[in-house]
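Produce the complete structure using the sequences and hints provided.
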Amino acid sequence: MSAFSFPLLTATAALPAIGAVATAAVPAARRTAAKWLALVFSLATLALALLIAARFDPGAKGPFQLTESHAWIRDFGVRYDLGVDGIAVALIALTALLVPFVILAGWHDADPLEGAEPNRRWRPTQGFFALVLAVEAMVVLSFEATDVFLFYLFFEAMLIPMYFLIGGFGDRAGGRGEQQAAAQRSYAAVKFLLYNLAGGLIMLAAVIGLYAATAHQLGAGTFSLPEIVRARASGALQLGTGTERLLFLGFFFAFAVKAPLWPLHTWLPNAMGEATSPVAVLITAVVDKVGTFAMLRFCLQLFPEASRWAAPVILVLALISIVYGALLAVGQRDIKRLIAYASISHFGFIILGIFAMTSQGQGGATLYMVNHGISTAALMLVAGFLISRRGSRLIADFGGVQKVAPVLAGTFLIGGLATLSLPGLAPFVSEFLVLVGTFSRYPVIGIIATTGIVLAALYVLVLYQRTMTGPVKPEVKTMPDLRVRELVVVAPLIALLLFLGVYPKPLTDLVNPAVQHTLSVVDRKDPQPSVPVTAGPGGGGPGRTAQTQDVEAAK
Amino acid sequence: MENLIALLVAAPLVGAALLLCGGTRLDRAGHWIGSLLAVASFAVGVVLFAGMLGRDAGHRALHQHLFSWIPVGGFRADVAFQLDQLSMTFVLLITGVGSLIHIYSIGYMEHDARRRRFFGYLNLFLAAMLLLVLADNYVLLYVGWEGVGLASYLLIGFWQHKPSAATAAKKAFLVNRVGDMGLSIAIMLMFTTFGTFAFGPVLAATGQTSEGKLTAIGLMLLLAACGKSAQVPLQSWLGDAMEGPTPVSALIHAATMVTAGVYLITRSGALFNAAPDAQTAVVAVGAVTLLFGAIVGCAKDDIKKALAGSTMSQIGYMVLAAGLGPVGYAFAIMHLVTHGFFKAGLFLGAGSVMHGMNDEVDMRRYGGLRKYMPVTFVTFGLGYLAIIGFPGLSGFFSKDKIIEAAFARGGTEGWILGGTALLGAAITAFYMTRVMLMTFFGEERWRNAPTPSPDRPSAEPAAETRGEYAPPHPHESPKVMTVPMIVLAVGSVFAGGLFSIGDAFVGWLEPVTSFSHGHSPVSAGVVTAATMVVLVIGVGLAWLMYGRRPVPATAPRGSLLTRAARRDLLQDDFNHVVLVRGGEHLTRTLVYLDHSLVDGAVNGTAAAMGGLSGRLRRLQTGFVRSYAVQMLGGAAVLVAATLLMRGV
Amino acid sequence: MNPVYYLYLAALLFTIGAAGVLIRRNAIVVFMCIELMLNACNLAFVTFSRMHGNLDGQIIAFFTMVVAAAEVVVGLAIIVSIFRTRHSASVDDASLMKL
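Those protein sequences? They're chains G, X and D, same order as listed. In terms of my numbering, the first sequence opens at residue 1 and continues consecutively. In terms of my numbering, the second sequence opens at residue 1001 and continues consecutively. In terms of my numbering, the third sequence opens at residue 2001 and continues consecutively.
If you're looking for bench data, these hints aren't it; they were derived computationally from the structure. C-beta atoms are modelled at their ideal positions from N, C-alpha and C, and glycine is treated no differently. Hints may contain errors.
[Claimed, not checked] Some chain X residues close to chain D (C-beta under 10 Å, calculated; not the full set):
id, residue
1, Thr1621
2, Gly1622
3, Val1624
4, Ala1628
5, Leu1632
Shown next, in the form of structure tokens:
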């Protein structure tokens, strides 16, 4: 425990939870107050998240910092254990960063329909923002939890507010009947819930199995991640090969549903397509990250041997996700579904990086989580602004927007370029690291994954061409450009994409030690180059000396 | 001195940021800001050049380390610049020609409402291109590499309201991405082989690894070069890229960006030297492309597309030379520089012609323009003489050397390559003379209304539909446009000769390319004579076909080869059938399968559950006594099971 | 006398009761048959209590009686109210709790 006894991690999770309750309690007539309240709470959470990042010391020893530990359910060894490593800090910061933008972008998404004045019982606006904050609280806690049971609890609990966000709030004008839209929404929401519950239940079985194993071998059962890792390393806890693999699969299945990995992905396009775009951002940029994060933290650390055993299969699945998601994105006619399939492709990259088990791969995967969150948020939110202007999600309904709304088109293009990992923007750094990390251990998989960069260019540019260029469609002619509120949402995201693309060092410094720790637990080392070059790498050495040697060699 | 290097990149980058984010406030001054920053970058380049000349050859390279960019494990990419003789040559070419074209664009884009954005993109291009040539490692080079791709995408599609422009832009980016894939795989290979991807250490260590690996890296670099430099098989985008404004074609698709592939190969020279198989591939690509481009250039009636074919062909020469190894690197770069002058000049001339002809691009609608545009005629003519290799002009020196070096390869290969290069020279003379004759000589075909023809690449269909035809009023372009053309024409005339005085250029690049003299089976004099002969044949043939006889205003059907060449030798048709159609079918099938198979399995499970519970519901008959039977039966089963378990 | 005979009697009574529940339609008769089954169980409990020499069975028999009494109160009330509304005491008529 540090001398700093203020429970910072608890506070960061509790603040949005309190905000959710407070927002929900705002009287029906004072909608705007509820919005501002939610925004203030999300900004305060961001401040706390930044405080975590500031207090976190990447160089310190030990896997977790800022730890808090309290007994909770003594009989079953469940503890309220919190702690963060560099990866968690980065993702908490991402979550806390994105939620204010989600709230701002969805400022009018939950306004009651014209004429339908809200009453005391029915307060959709308050409900929407309260649910968003509730999701934030649970996501933050699942990033912080170092107790498997505690993690599981919030991992599952966040489904409830997400279910209501997807099923309860959709795009206003779907172009179809409101009734049909509602039916589609509820289908998407139920699908989301059932898929994730199924994954979660299998994980619950594995969690109980793990507990039983610890109870059997350690005397007292425990759910504590550091304790189990320590016990496994010292040999006090020995799982049979078969048991370990089964437990691993139980955990992995739940995370693969959430991440989502092919072929467990089909809930994502439905959910992202039907939800409003801020909620879609919440799904793909925030909630889904818990899945990939948990692979790193729980799958790899609890079951290192099984992870190594399963890695080849998972890598192939991830590879299929990359190519398959990209190809399907090319074939979509709906903007939001296109972005959803693009996300599936990107999650393939993240999982690829994690299970390549090299420091470039895992470091890249962690950066990828952050960068994908920001870039998808930028693209999706601008797409949302676009869709709300036209009242349609179909690509074919747009055309020539660039001429009437150049700023909107420009931001959309930048979001798209980030999605296709253009160098100079943040996602390039992470995608390249993942590819290099994968290539250095599995060259063939690395090369096939590289085709993803061509396919990404294809779906992004086709989308841009069909919506933004060409002759101006008559329905688009009166489309207004971005408003101030919308610009406030998009501009910081773009600035961040640029900054992290040019100077990702703060992030890599944060993440590297955590990745090294994970790799040491999994007992994997980076493959060494076949010809180690003695000169300082990275262009430290002046090129001239090398070339003079060349001349000599040529002679 | 080192600290100035970053300024080279920073100046245009600041310009791009200002112009693209500045909003409409900068509309009136945007083009001046853009041009000023381009010139500023050039000025910095000149200062650095002067400084470099002041040092002796061994200490000319400069190095500037800015910051550590991506440090993860053993992977360390830095933002660091390296300015040696090769980079310096490029810096001067890029900023020099770039500045001229900025100035030219002030006039050319005068009536475009989005001129500010145009200059923003041009500045962005300069910054990216400078980053490309100044980077000291392959990853940073990759950033510039994709950056110029982005700028090229934005500028080709500058007139986005034209669907053809938007499509061309997308195509250029996609084809380039295929090449980029090669570059990224090459970088990964370097990282796994050497543990680094900085030029210095990698190129120094080429002797310590197997040739197979080096060949693989070399082939991947070649793929990248093919994409960016429009070499076969990734050349298809360059012709379409002419949809962009003409200054863009001059700067990006003639003088600078498309030569990045040559830079890459030359920069990686040490690596290619150690991988002869990769070199052979480079040479083959260059030889094929130089013929391919030349043939396409012969058939195009669109002046810009004819010049694009020519660009492809000339870069083919450079790639060929670069593939020859230390014998050819210096000549490749020399041809690159002279080509930068005369091709940029030719494009600007074409732009000037279009400017005066209501944006008509069909050469069959030109004719006799020399009277109306004297300055354009003279500058274009000098560029023409330079490119066909007229003795004494730039192209003569640089191309002749490449042909010589090709023969010097020795053996059958040498004869094939030399012969190809000679044949290319003949075709070059032919199609350039054709362009010249069709544009500036002959009768004034633009006076009559065009006859509608399905084959004609109609740039201005509106004129035909309107019924009455208003002939254009050809006029000379304003000073702001002609001055850059004159400067480039001067360069086209003198650069080659200047470089060749005492092999100055070769000596200058020696520390980077480690030049070695080849032993040609044919003496230099014979090669020069042969070049002259094919030159005369090419020009003469063109004069017979287009000078002596009047040029029909509508294209004749032409031979099979001509028709194929008009369609870029069917490369696009191949792409369309195999990649576009095939891809569409693939995605459509996958979308269907995703819905029916993957999602179908999920929905099927749900439906099966629903069906099962429907069946089970039937058991609830509502009759109390049937429930009682079930209870009794259940109890009996339980008792029986208990007894059985006990028994066992 | 051998206590096993009481068990045989209890089994016989239970079977009669069960058969009655399954066969008869009149709710009152069904109800009485259920009582018969309960009392058969009571008899078995008491017999076991005697056989094992402890009081557990007798205590449970008292519990059963209490529960049976409560059940009579509720059950008869339901039957009477059904009879009042439908003018029938047949259990097959009250088959509304299906599909």
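Hints, one by one, checked against the model:
The beta carbon of X:Thr1621 comes within 6 Å of a beta carbon in chain D, closer than 10 Å, and the hint placing it at the interface holds. At its closest, the beta carbon of X:Gly1622 sits 3 Å from a beta carbon of chain D; the interface hint therefore holds under the 10 Å criterion. For X:Val1624, the suggested interface contact is upheld, since its CB lies about 5 Å from the closest CB of chain D, less than 10 Å. Here the hint on X:Ala1628 is kept, as its CB sits about 5 Å from the closest CB of chain D, short of 10 Å.
Satisfaction of the interface hint for X:Leu1632 is found here, the shortest Cβ-Cβ separation to chain D being roughly 6 Å, below the 10 Å cut-off.
Hint compliance for this structure: every hint is met.
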